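Trainee: Listed below are the residues making up each chain.
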Amino acid sequence: MEFVLEAKQLSKVYQDKLALKGLNLQIRAGEIFCLLGQNGAGKSTTINLFLGFITPTSGAAYINGLEVARNVTEVKKYLAYIPENVMLYPNLTGLENLALFSSLAGFDYSKEELMEYLVRSGLPAEAASRRVGGYSKGMRQKVGIAIAVAKHAKVLLLDEPTSGLDPKASNEFSELLLRLSDAGTGIFMATHDIFRSKEVGTRVGIMREGELVDVLPAADLEANELEKLYLNHMHI
Amino acid sequence: MVKSIAKKEFVSTLRDSRFVALSVIVLLLLLAATIVGLHSYKTLQAERDTAQETVNDQFVSAADRHPHRMAHYGSYAFRPKSSISFLDFGMDSYTGASVYMEAHRQNSANFSQAQQSSSLIRFGEMTVAFVLQMLIPLLIIFLCFGAFTQEKETGTLKILLSQGISLRQMAWAKIAGYSKVVALVVAPALALASLLLFGRGGFELGGDVVIRLLLFMLFYLVYFFIFIVLSVVVSALHQRSSTALVTLLGIWILFCVITPKAAANLGANLYTTPTKAQMEADVHEEVAKGIDGHNSQDERAEALKQELLEKYNVETLEELPVNFDGILMALGEEQSSHVFQEHFDELTGTFEKQNSISEYVGLLNPYLAVRHLSMGMAGSDFSHFIHFQKMAEQYRYNQSQKLNHIQATQLKYGDKETRLSSETWKDFTPFTYETPPAGWALGNHLLSLGAMLLWLVLVSTVGIRLIDKTKVA
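Read top to bottom, the protein sequences are chains P and R.
Going by the UniProt record's numbering, the residue at position 10 of the first sequence is 10; the numbering climbs one at a time, nothing skipped.
Going by the UniProt record's numbering, the residue at position 180 of the second sequence is 180; the numbering climbs one at a time, nothing skipped.
Hints listed in this document are in silico derivations from the structure and should not be mistaken for laboratory results.
Chain P side only, calculated, beta carbon under 7 Å to chain R, not exhaustive:
{"no.": "1", "residue": "Pro83"}
{"no.": "2", "residue": "Asn91"}
{"no.": "3", "residue": "Leu104"}
{"no.": "4", "residue": "Ala105"}
These figures come from a predicted structure and were not determined experimentally.
The beta-carbon is built from N, C-alpha and C at its ideal position, and this holds for glycine as well.
This is chain R alone, in the form it adopts within the complex (with noise of 0.2 Å):
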């Protein structure tokens, strides 16, 4: 029963002229997103790949120099893009793609999309993600508003219970119907992606892509699919297929346009963040109150020197086995850091609780739920780029770190004029970073996911009881 009503589903739509050229238009958009988007992640990851190396040679090349210089001097790490992300930008267009890593200071990350775009950026852009988010469900509302109430209208309906299939069974039957018919709209085009991706090269595969790719297309089925119920389900509880298209067009409205600024709002207005101004104001204020590494007259170097002076039993900085002036760098890199870290801890917490904002509000909204996860698994969400900060702050720390400690144990104390070897830097092992795996990923999104997977048992449990509810007569 429940197959020959999916097939008869599947044929008939199929034989549907204004569905099939909605549909082709669907799928040509989704090509075209997927190649647009690949061109796009070629680009970007190869101007970012030439930078970071370009970076990477001029410090390892770079002159001879004074290492306090060379920690000024400082370095770039570039981000690069995870193999996904072509499929979803993210946040990807308006997080920094870049951090400036010198001595005494943690950058923000810098140079975004959006900074380099004109303004027809925050129209949005046509990523896969956003044809398989927003419209996707739209050819859905169109495909299944009729499921039920065309059947009502034409009387097909008492014909088709007649002949002994059940409400239940008829719903089945055709959420697999059209289950085939969204397939064969959206198959293509991730498979083409699946494709580009492990057939041309180009990518840092492995099987953390392969599990990010496949979680991809499952959180995807799985929207679509709370959709195509959703739909046939509301399709069951209208007498007119006019007032079904209007509920579920109103459904779409309030779940793919209305509470996704409603809940950014809201994070926001919860959980305000501070300017920029004012943060560094604040990081300016609290490192100078300790030791800001350049001036020996703060009591904590005071304190600092007194101490190694009794340690080694010497009367004068110069008489100390080790250059107070590297040891004194090594302690204000780490106060600063301290105090960078903090107040970087405290805005990423509040950007946190923002978006947990919108991860909640995914429990009354599948699209907000799949958002999250699509940007999980692409690797280009909030915690994505954080991760990054925090690795090029590490790298930071560490380079700063090297060099103030080849200051104390090479140099002596007040000499700012001897210049270290060219080949020194060459022991610097430059900036790498590798994407955290898919299980990191998924587990930032646990709240999504859940938030999934409730859908997905309400629609299949409540939803098709609901249709036990439809007027037959």
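One chain only, chain P, in its complex shape (with noise of 0.2 Å):
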């Protein structure tokens, strides 16, 4: 199976600090990657880099079998990102925001349609056609998750997204990935989430000062054990 997200020998160097140290990386479609570590520990650094924000100091980033620093643009087509924090357009309602975002990735939806991936990502019908600004955090995420399902990419970035969110929203959003997952979107998702890591991951890694140091897969691994082992890990 080909490899939708690959990193060779991928590294950064910010200055004098050396933010990724030669990741070697390979994500099949279907496949929930969880990356655990501190912060600075250079997980959106790898993110940035697949996103093409950043251009690598050495080795190489791949989005479906394309070089990201060769393809920027084209490499867009394939993946979706979910940020920590999904601010979006304040004086845009929800169904406004996604029939922009939407349209920017070549999709023009109907209402109807709109409404639909909205509410299929949690998010309240009755709350589409009112203004993000007065959205909470977790709904502002969902209206994200509606914008990352709609474009229908093979590769999802993510980058802490469950981080605020309530126990419930965090929960509902584990199952979106899982279902995304089901349907053959390769998942990348930096996290501090130990249990969600767990619950959704499919393998996860531990990074330190921008090194892959341990990759486990998920189902081999209880959750307190897999936090024994982060920890042992941020602590050597």
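Using the hints, put the two standalone chains together into the complex.
Mentor: Printed below as a string of structure tokens:
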């Protein structure tokens, strides 16, 4: 099976600081890879490299077989991105925000279709026509998910997406990720949430000071074992 | 892509109550300035029309007089306001409104509005041009300073870019959206101005006025576009909205406050003008050196006398077939006019050099460029004023020489008593003034036109390329 997301000796140095050191990683369609690590470990740098927002110092990142640095615009067709805090445009409604972002990705959905994406992402139907400025973080995150889902991307890049969400919203989010995974989407999720990683992840990676120090199959571990392992890596 | 983001910027801005309130204030100011400007225009134009009509009537209805007395009686030329000057008063408030046209003297225009107003006029006037040149750019800055920085601060920039849009596409989309918003604020005032100009009469309408109005609007549209692109580029190059706003306000102060004053001071220091007293003394001295038109003892008058006596082969001036007084007056007028004209040309040349500094600075500052073009199209710049002065002088000279000719051909030498019939004055065509065409006005500001085009090209090419340097992560 082809890899939808791949890193080959991917490194990034900011001035004198090594942010990412020789990352080698492959993610297949339908796989959910959860990357654990402290703040500044290099998780966001990895995502930014896959998004083409920064260029690698050495090595290469690939999306759907295309080298990101050489195909910055082209690779955007195959990926969707949800940041930690989806702010969106407060003066537009949820529907308008989704319509805008979908149109940028080349999808011209009807109002009914947009509504369906929003509802499927967990946003109450009555909230869709309200301005996003009045939404909670969880509601905004759901619109962010709808934007990603509506794009039908092969790869989903998530940067701490459940941070600040209440347990119910986090749980709904996990269910959605599993549904996307079942549909064949390859998912890369940077997170601090060990429990959620164990729950949804196919594999879990642990990153420390820019280096991927461990990769484990989530199914073989209990949550507390994963926590111990993570803490061991962090304290070495 | 571009259409979607442009629409989003437009809709989003219209839903921002703070910006809507600011826009309404600026729009009301524009509408008020249009109406006040029109009222001022109509009042001044009516006053000048009445005054011109009165002095013309007084001249043609003058009593029986000796022609040289009539030359000294003189007349007035009142400068009609250009139809579009109600949008940009330009220098009109500071330049004279009327010229007293008499024999032997080339008077400068007097009775400017500033002379007749309180000192408050020094604070400037609320004109449409003031709002368009100074306040709309401020509105644009407040509209656009967060174009990219807010996207960075809220993280939407990354989501937008991840959807496949490029930074340049995004910049053009935002420029399109903001342009639509600015048009919404400016268009009603310009539409009202056009309606007032073409719909209500009282104006001297013609193709030239239409061309001037269209060019006036076009130059401002380019000016706003330059400010919009500049603001978007500055926003893209900053990480925080606060620093982008401070930078843009700094640019506004530099463009609209500091450099215009600096250019004016530089011009005045580089090219100094003589005082009015000094210039009059110089003119008087140079005229006195030659024929003064009254003193037949003057050496050149004597030479003329001898030349005429020899030409007609007579012994005395009384025997001449023409009136020597009239011929002497005509030659005196010719010489004094020549002296006046030389000094006048020198003085206007100095003023033009001072203005040229400001036009050159326009290459660095689009505000100065649009200011010159705006005044030019409104017919309220220095060139239009000088054009009027020249036309008035031409009329004065021709009128004086016509009266000298009458004296030379209809009266005898030494006759200071004969009064010509008042019917004589009815043959004199009254002074009328035609504003020069738009092409002439534009030709006086080619440097400013070039500066505007240069800015347009620079911000659209170099500026947009700079957007590629935007730090996304």
